[in-house]
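Trainee: Residue strings, one per chain:
2 protein chains.
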Amino acid sequence: MRTNHPARGDRLPDTDAPVAAPIALDAMGGDHAPTEIVAGAVQAVREQGIPIVLVGAPRPLQEALSLHDAINEIPVVKAEETLAMDEGALASLRRPRSSIAVACHLVRRGDASAVVSAGSTAGIVATGKLRLRSQPGVLRPAIAVALPTRPNPTILLDAGANAEVKPEMMVQFAHLGTAYAETVLGITEPKTGLLTIGSEPEKGNKLVKRAHELLSAAPGLNFAGNVEGHDLLTGVVNVIVTDGFTGNVALKTMEGSVRYAFSELRETIQESRAARLGSLLQKKRLKDLYQRLDPEVHGGAVLLGLNGTVVIAHGASQAKGVSAACALAARLAQQGVVTRIGERLAASHRPHRLW
Amino acid sequence: MRTNHPARGDRLPDTDAPVAAPIALDAMGGDHAPTEIVAGAVQAVREQGIPIVLVGAPRPLQEALSLHDAINEIPVVKAEETLAMDEGALASLRRPRSSIAVACHLVRRGDASAVVSAGSTAGIVATGKLRLRSQPGVLRPAIAVALPTRPNPTILLDAGANAEVKPEMMVQFAHLGTAYAETVLGITEPKTGLLTIGSEPEKGNKLVKRAHELLSAAPGLNFAGNVEGHDLLTGVVNVIVTDGFTGNVALKTMEGSVRYAFSELRETIQESRAARLGSLLQKKRLKDLYQRLDPEVHGGAVLLGLNGTVVIAHGASQAKGVSAACALAARLAQQGVVTRIGERLAASHRPHRLW
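Order-wise, the sequence lines are chains G and X. Just so we're aligned: 206 in the working numbering is position 206 of the first sequence, and the numbers increase by one with no gaps anywhere. Just so we're aligned: 262 in the working numbering is position 262 of the second sequence, and the numbers increase by one with no gaps anywhere.
If you're looking for bench data, these hints aren't it; they were derived computationally from the structure. Each hint should be verified, as a subset may be incorrect.
Which copy is meant is left open, so a pair is good if it fits within one copy or across any two.
[Claimed, not checked] Below are the BS3-like pairs computed for lysine-lysine, each with C-alpha atoms no more than 30 Å apart in a straight line:
(1) Lys320 - Lys206
(2) Lys129 - Lys206
(3) Lys129 - Lys209
(4) Lys166 - Lys78
(5) Lys209 - Lys320
(6) Lys203 - Lys129
(7) Lys166 - Lys209
(8) Lys166 - Lys320
(9) Lys78 - Lys320
(10) Lys191 - Lys209
Work out the full structure: start from the sequences and follow the hints.
Mentor: Following this line, the structure appears as structure tokens:
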């Protein structure tokens, strides 16, 4: 990642902007809340210099903070209620004072620069839409995930916010993903691919064929045509657009396949040469590789298209996953992805290209 | 795999039936046709005792056979035309004497028990539908692929024959896949899962929600509910049904992810300890693992729902992939998957369960 603060090394997230308002971290969402969430907040503050405000039930949070001697380091904002992991969209309406709702409210008031939550995805999406509202001109917010390609990650969206979409929405997804790639990854004229089942323009279902026509004609996009499932990890494009149903299936298939390949490999190697190779598998480089492919470490998914940055951390996030999500949220907020999306959508209605 | 001919060991495909008519092998389809196709035919005949008839242009086939001294072992049926790999559905109508069309004709006449082709999938599907016709009561033939789970493969369908489907078709896909699992894998009451984006019945798009209702009420199926992308390789169910668009994206994502994980691993290990580990990676066990995960070695995809068995080998198939596809075709034909599908679809219109 390029940095404009070489002197500060890794302590600050990559940014051109002054240090922004703190990240509002939903301390009650996630399988390991609040313990691991608080631990992740402490990591983010101490190791990366990211300002954090924890949102949730004060007493347990104070207790968790005291274990890290961090009571005076990280402020807590009270939220009476919590969205359970198994609660979906409706629950967010029933709980106006849930920790995720309060976190969104802080962003809306300008008291926080972004929201991070490891809670139920459906609950976060519904609450975010309700409390932050869609940006002007955004038909549907979408979930964007950074796939671990090199040298740059590939942005896949929609990864699950919209199971049912229209072709026009997929063109907007391309703008959302392009803004993400431009601001956070620093890529100029990011290439966008359309996920389908053949490289020729006429391949796919009705939705994708129409989306292909619209994307080909859309100003301000660098549309590279169709891509297929095996292109998710080849880095052939910077942004891959699809509907939220296909995107979610593809993402979970990718995660499951990588996990499967590694477990099969570990098993095979241990069967054959436990002593010698079993230990080698613990070697740092292999760990690093596995972690790069591990969804928890990507930094989480981003809900794009709202009047505020919302990062959805993996539900099973441990401290490291939480702090990675906070770092991603800080980058998104400080590099103004919301503003960039607004500019793109405004410009996309004009004939000329953006560059 | 259970076998009923222990005395014969591996030389015959697993079967209760008498040795059937030969497999009609399209010798002109595939990236490496006819050389590797012929080499695969020779392997199938000599190593597995599978009767084969090659379909294609006589002279090049005779030349290829002579390289193996197999001219008298494997008969050749003449086909004037060839479907190019990039030719789709329409081409099959333009070429009534293509090698794949002639192969289908042999099955229809009863002179062959099944068709194997490594040609263009779209061409094979279109030709198969036209020459063999759908079985009575089959709304749409579907492509079934065996995913490399253990102890039994998991059957995924539709893997790409129908980009646009109706919920009723997905119930039929469940019957096609169940018949495959019963006959070829010998599984009783195979469990079927519906591929979607959440485990709760209400998760997914309109198509999947309606399919869930129909599958839950369908007689003769052991419906286990929703599965997600990461379940493709967990073996939690025996059959996974989805539309041909989602199925094809998921399959190619799985193949690409496994390939990616292995290449990353090889690279990481070679960077770190070329001498010692580079060689270990060549070890037989790791090769075996990689090959089990390699789509070419699965034996190929099967087009189910036609009046005849059609196996679609990987377009890049080498000899081994071709002979594996022939072995799969022989098993499907000799264990009567077509008959079993007919029984299921007939019974599915009656209220009682099949068992």
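Trainee: Each hint needs a verdict: does it hold in this structure or not?
Mentor: A quick look at each hint next to the structure:
no.	hint	result
1	Lys320 - Lys206	neither (42 Å within a copy, 37 Å between copies)
2	Lys129 - Lys206	both (28 Å within a copy, 22 Å between copies)
3	Lys129 - Lys209	both (29 Å within a copy, 24 Å between copies)
4	Lys166 - Lys78	neither (39 Å within a copy, 49 Å between copies)
5	Lys209 - Lys320	neither (41 Å within a copy, 36 Å between copies)
6	Lys203 - Lys129	between (33 Å within a copy, 19 Å between copies)
7	Lys166 - Lys209	both (11 Å within a copy, 18 Å between copies)
8	Lys166 - Lys320	neither (37 Å within a copy, 44 Å between copies)
9	Lys78 - Lys320	within (24 Å within a copy, 65 Å between copies)
10	Lys191 - Lys209	within (19 Å within a copy, 34 Å between copies)
When each numbered hint is compared with the structure, violations occur for hints 1, 4, 5 and 8.
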